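Asks: For reference, the chains in residue letters:
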Amino acid sequence: MRSFNKLVINEWLKMSKKRSFFIPYAIVAVVAVVLAWALKRWAGDMVGSAFDYTAMMSSTHGFGQFVAMLAVIFTAGMISSEHGMGTIKFLLIRGQSRGKVLASKYVAALLFALSLIVWLNVISFASGAVLYGTEHASGAWRDIWIAGGSSLVYSIVYMSLTFMMGVLTRSTGAAMGVGMAAIVLSGITIPKSFYKYVLFPNVDLSVYSHGGHPPIDGMTLPFSIAILAVYIVLFLGASFVTFKRRDIA
Amino acid sequence: MNHPNDIQVDAAVLSLRGVSKKIGSKKIVDQLSFDVQEGEVVGLLGPNGAGKTTTIRMIAGLISMTEGDVFVRGSSIRHEWKKAIRHVGAIIENPEFYPYMTGYDNLKQYQRMNDWISNERIDEVVRLVGLENAMKKKVKAYSLGMRQRLGIAQALLHEPSVLILDEPTNGLDPAGIREMRDYLKTIAREEGISILVSSHLLLEMEQLCSRVVVIQDGKLVTVRSIGENNASGHEQKNFVRVLFRVGLLEEAKNVLGSQNDAEILQVAQEQNELLVALRYKDIPDMVTALGAAQIPIYQITELKQSLEDEFLKWTGGNRIA
Ligand SMILES: Nc1ncnc2c1ncn2[C@@H]1O[C@H](COP(=O)(O)OP(=O)(O)OP(=O)(O)O)[C@@H](O)[C@H]1O
Ligand SMILES: [Mg+2]
Numbered sequence: 001m002r003s004f005n006k007l008v009i010n011e012w013l014k015m016s017k018k019r020s021f022f023i024p025y026a027i028v029a030v031v032a033v034v035l036a037w038a039l040k041r042w043a044g045d046m047v048g049s050a051f052d053y054t055a056m057m058s059s060t061h062g063f064g065q066f067v068a069m070l071a072v073i074f075t076a077g078m079i080s081s082e083h084g085m086g087t088i089k090f091l092l093i094r095g096q097s098r099g100k101v102l103a104s105k106y107v108a109a110l111l112f113a114l115s116l117i118v119w120l121n122v123i124s125f126a127s128g129a130v131l132y133g134t135e136h137a138s139g140a141w142r143d144i145w146i147a148g149g150s151s152l153v154y155s156i157v158y159m160s161l162t163f164m165m166g167v168l169t170r171s172t173g174a175a176m177g178v179g180m181a182a183i184v185l186s187g188i189t190i191p192k193s194f195y196k197y198v199l200f201p202n203v204d205l206s207v208y209s210h211g212g213h214p215p216i217d218g219m220t221l222p223f224s225i226a227i228l229a230v231y232i233v234l235f236l237g238a239s240f241v242t243f244k245r246r247d248i249a
Numbered sequence: 001m002n003h004p005n006d007i008q009v010d011a012a013v014l015s016l017r018g019v020s021k022k023i024g025s026k027k028i029v030d031q032l033s034f035d036v037q038e039g040e041v042v043g044l045l046g047p048n049g050a051g052k053t054t055t056i057r058m059i060a061g062l063i064s065m066t067e068g069d070v071f072v073r074g075s076s077i078r079h080e081w082k083k084a085i086r087h088v089g090a091i092i093e094n095p096e097f098y099p100y101m102t103g104y105d106n107l108k109q110y111q112r113m114n115d116w117i118s119n120e121r122i123d124e125v126v127r128l129v130g131l132e133n134a135m136k137k138k139v140k141a142y143s144l145g146m147r148q149r150l151g152i153a154q155a156l157l158h159e160p161s162v163l164i165l166d167e168p169t170n171g172l173d174p175a176g177i178r179e180m181r182d183y184l185k186t187i188a189r190e191e192g193i194s195i196l197v198s199s200h201l202l203l204e205m206e207q208l209c210s211r212v213v214v215i216q217d218g219k220l221v222t223v224r225s226i227g228e229n230n231a232s233g234h235e236q237k238n239f240v241r242v243l244f245r246v247g248l249l250e251e252a253k254n255v256l257g258s259q260n261d262a263e264i265l266q267v268a269q270e271q272n273e274l275l276v277a278l279r280y281k282d283i284p285d286m287v288t289a290l291g292a293a294q295i296p297i298y299q300i301t302e303l304k305q306s307l308e309d310e311f312l313k314w315t316g317g318n319r320i321a
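These protein sequence lines map, in sequence, to chains A and B. Last residue of the first sequence: number 249 in full-length UniProt numbering, and the count goes up by one each step with no gaps. Last residue of the second sequence: number 321 in full-length UniProt numbering, and the count goes up by one each step with no gaps.
Hints listed in this document are in silico derivations from the structure and should not be mistaken for laboratory results. Please read these numbers as outputs of a predicted model, since none were measured by experiment. Glycine included, C-beta positions come from ideal geometry on N, C-alpha and C.
From the structure, some residues in chain B lie toward chain A, with a derived Cβ separation under 8 Å:
(1) A60
(2) K82
(3) R86
(4) A90
(5) N94
(6) F97
(7) M101
(8) N114
(9) D115
(10) Q154
Isolated chain B (complex conformation) (with noise of 0.2 Å):
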């Protein structure tokens, strides 16, 4: 195999190079490129309509690819399915059983196709993903939720390196959500295994995954990591949007706006507010500066900018600021 980015393609579980997806004359997905790395979680995140299911077609070899590859542990999805795919455990779009065996029975069906996964691991799987007691139970009579377990559990059976799950939360209930990504968040850590998720619920992406890709319009976006925003050693040095509700605006406006590194972003008259960027380390010396200048001070709070902001930001929305 020839491709480029051999040194990253080895040491990622999963890496997209170039991935293309053109129906007639329409690019779904546009010259995609990404890696997860061992032990990551990546959420892959894009409003309707964005190519994300599309992307995760590919990268299981249900639908071709009009350009690029997809390596999983290095070997590629285009020459090497059977390889490829051996460390994919996937759930695309909704999980669908057969609704009329039992929850076993279905298990069962993809334990006959790899002839590595034993009882004892069906056992272990439903174990984890808390399905023991609906085993003996046909599938068309499970919830919602217990049908999203047991397609990780489908997933898990054969022991793979990445586990794929395009929107595993859609139709659950709060509740369900939660336990979702508790129970993904052990699975990652109990099975070491990395775990590519698609959805635009933009919270969930935050409170699961270390980094974020974003797609629209089949396009890469960005790649974010979370956590880095949110760690304090970073703060200190970057800058934040703090707003100010003063007393008075005018001569706040002259005193913030003297300062170095400080940028006034926005005044809002009514409200007597002030939108300021400035460094972390420097919000004592603001105000400070302000309480010299005799300006009464109601409220300082910062504005941290969520990924739903920036998000909507990346991919053209109406943010209200």
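Extracted from the complex, chain A is given alone in its bound form (with noise of 0.2 Å):
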């Protein structure tokens, strides 16, 4: 487990030396600041208060979907980048399973997902709580969890198929490429029965919350959970036995 832990550190170190590792705190801070001054300005009455303001932002409908953006780009280069830069040829031969470097680079990608929707929650409530102020009716926190949470699992499934995508490829535009066409498809909905079994309209479970339609008749949350978990568990199945017998030339 230390071991394990110690390859983390390694991954976050590899993202966060990259001087460009800045650059998306950077746009979310300024987005959420600049967004709450904007929205006092010129629609005063709509948002009530900070936690008003902050379950917006970090929702899927608010900035949490351009998070996931964020996500799949980073993730996307993860293994591409090694094979491209050649590091991989070290990477494998330091006695650690192939198994456990493959499972840090994705701890690692979901630890800069849930960073930056923690980052957007925080900034959106500190600039919120100064415009807006923090008064709030009962339910306001839950409201925020519920935003925030259904972000980071939106994030989390197109990082993973992005992450599959980097490994079977070894090509951080084909990676990207899909992750965002994804996140893009994913407003889509065909109205038919077969389609609840797609990946698309589960993604976003903050459809269930305040009572909320699902997408196609006969959805749940948990069988939205349900169909999620068979995603993603088939999308890491498949990076993990690609990448545990793949030949590094």
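With the hints as a guide, bring both chains together as one complex.
Replies: Rendered as structure tokens:
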């Protein structure tokens, strides 16, 4: 376990020592602050408090989808850059199993998505608190949790897809392209019964909150969770099986 | 584990047993077997495309073997990879690092992957390869020579028993090549480590290795000890090739041809030269015989067959005599 943590630290450092690492955090911060100010200026009564604003921003309909895109962009390069730079040859001859190495990369990607969502929430809440105050009704915390949680699930699903594509194709472009296309496609729903078994209509769990209607009749929260779990297991299964067997040329 | 040649396997630090790699229908490496003993520096020699890099990738477990197995300190790369790879330090093709990190941060990455590597060990290997002043620089600012050194530091970090280097002098200038050779020798001595170096630069191998394994088209061609050929004790008994430049070619031919244990290999009419194979100890007798026949001798040269000549012969290249 300790050795696995160290591998995750390695992966985190590989991401964070890049000069471009702060950019997603900066974008999220700037947008959250500017939007808070703009809404106050031009749509004064739309936002009630910092709680409203935070829940709105971190939901998949707010900025959560953008966070997923950032996570996809970072995940896409995790495997292919090791192949591209050739560093994979050193990485895989240090006595740590390939499964462990790949798992550490996945965990680092999860931490990156989590950190972005936490950051989005913190900045949104802070700027909201300054501009709108922190008065709130009961259930306000719950709304934030639902918004942030569903954004996190949303990010994890598309990151897992991107991760798999990165392992299979060893190409940043292909992985990013598929991940992004999937995010865009998730907005489209085909109102047919078979479509509920497809990934897309199930990804946004926030549709079930506040007594909302699912995109297709017959879908429930446990159903969607089960479908997502199956897809994630498939994505990761394909990634690990491929990565473990591959000849590293 | 059940495998043939148990005794040899245990004595050797690294042993390949019938290793093959087939991609598609092509055998890139074919039934390759050889050993590297404790403290030995062995060259893996072969022309471009011979299968050197493929062999090294299989030793490191980066690619699978179609047949055979590799043993490192008796542990199988196939079945006990973790145990075996612990004793291997390697650079495969070019040493590639994370360019946006410093040399030190790169080494820290590998330190975190084996818990027995101390900070002192990092300092030690950095000193050994002479990179003390470059550790705080980003790797993208490194010259190729510096990256090679960092590669060696990386390979030594976990105190391996055998160092495997794939063309370590590739792209280095003559001074860099010489430096590399010198500190590989230093490392072999100070760390008491075995080294397997691949190369197609023969002169390099002659100066660095005590033995060379020659491969071509993935097959073992020959294993040669260097040094042995040049030892004077051997030369007393061995045949050498001597070039005589004389005044009277036909007469010289008759004289030399009539001697026991001397064979005329080549006659160069225009240059008045004879290439003769004879025992080293018999050279004075030949000179006396030629003198007795009143044949002028202008020049006597021993033609040492360099490893390069042999290499080209083994690998079927055109030899220029
Ligand atoms: N993945 C692969 N698929 C098909 N052929 C391959 C593959 N990898 C290597 N080869 C072929 O196998 C042969 C041996 O390649 P290898 O890289 O091992 O040679 P080498 O001895 O290292 O050569 P060099 O001195 O040029 O580095 C070459 O003919 C190469 O084209
Ligand atoms: Mg090669």
